[in-house]
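Engineer: Chain by chain, the residues run as shown.
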Amino acid sequence: MKFIIERYDPDQDQKPYFKEYDIQLEPSDRMLLDALIRIKSIDDTLALRRSCREGICGSDAMNINGKNGLACITKIVDLKEPVKLRPLPGLPIIRDLIVDMTQFFKQYHSIKPFVINNDPPPEKERLQSPEERLELDGLYECILCACCSTSCPSFWWNPDKFVGPAGLLAAYRFIADSRDQAVNERLDNLEDPYRLFRCHTIMNCVDVCPKGLNPSLAIGKIKEMMVRRGV
Amino acid sequence: MPTKKIPVGAHYGWQDWLAQRVTAIIMVLFSIVIIGFFMIKGGANYGDWKELFRSQLFRILALLFFLSVYYHAWIGIKDVLMDYIKPAGLRISLQVLVLLLLLACSIWSVTIIWGT
Ligand code: SF4
Ligand code: SF4
Ligand code: FES
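Chains as they are written, first to last, in our numbering: chain A, 1 to 231; chain B, 1 to 116.
Be careful, since some hints might not be right.
As the list claims (entries may be wrong) - Examples of chain A residues toward chain B, derived with CB under 10 Å:
(1) Phe105
(2) His109
(3) Ser110
(4) Pro113
(5) Trp157
(6) Asp188
(7) Tyr194
(8) Leu196
(9) His200
(10) Met203
Unchecked claim - In the DSSO-like style, the derived pairs of lysine-lysine whose C-alpha atoms are separated by at most 27 Å in a straight line are:
(11) B:Lys4 / A:Lys106
(12) B:Lys5 / A:Lys112
(13) A:Lys161 / B:Lys86
(14) A:Lys124 / A:Lys106
The set of hints was computed from the structure by calculation and includes no laboratory data. Every residue gets a Cβ at the ideal spot worked out from N, C-alpha and C, and that includes glycine.
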């Protein structure tokens, strides 16, 4: 099977280039990550991140035939040949398929991704009703793979100012949490033409999320809350 | 130059976002009315237009439509400038230019609508 992989080692290469691989796959190679590990066994200079190999850790996100996704849950049979692999777009390349996620996590941390509650903690835990818990579905499952944010044009142009779909999905996850008491501070923090309103509902984020989440919908809910608060 | 820190938290944004939606709705509604009018009439000629614009109410609606178009365009263009033009000085110059242009368009629209 043919693969074209973008390679770049900043210590040696002037700029990224594409390298072709034609490899013999084994029947046990079912996911793209299996194929990549096979390629790595032939050419161990290829650098990539992976860990859980089951779509949980979010470390092997890459651009697969033009669309961001996780190698470990992308079936080889579904891929068009030659398979073109590139690092996630818009972030600095550390080496080959590995990108520097600093900016991405900076934005994530900026929304304070933890429950803020100043009441003294109860003996056991802060309880939620099943309905309150239900509000978090479709929000808490995010694995922070960055597929969405690095497919969002608004994030490409302003990664230092726009929180991006992953960060905003996380922001709404805490806004929607019945145990969180900081909804106003959270909305204040996002009430900004760059931080939130760079999202123009292009919906690339929804298209690529390997966990089937809808950051665009969550962003719409934040905007709606802000309007309701202000009118 | 101030420090290189990037401050955010301008505490506005939703107003533009809401205005963009409201103006879009006005544009759609007005278009439907116009298309509807000429569907009933079965075509549009100079006489029909003239008749339509005889009513003051319709002129005001038309002005509302044009102002919506300009305001909608202003928010859209401002967004594009904010996306792509990094130096703040150049950005604000272009924004002022666009604003003046749209203001001129608005005045021009008034003179056209109440021209005859
Ligand atoms: S929302 Fe989806 S694509 Fe975005 S970081 Fe979370 S899991 Fe990845
Ligand atoms: S919907 Fe918003 S966050 Fe998602 S890709 Fe589009 S601009 Fe980015
Ligand atoms: S290796 Fe963990 S998500 Fe793919």
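Engineer: Would you list, in rising numerical order, the hints stated earlier that this structure does not obey?
Structural biologist: 1, 2, 4, 10 and 14
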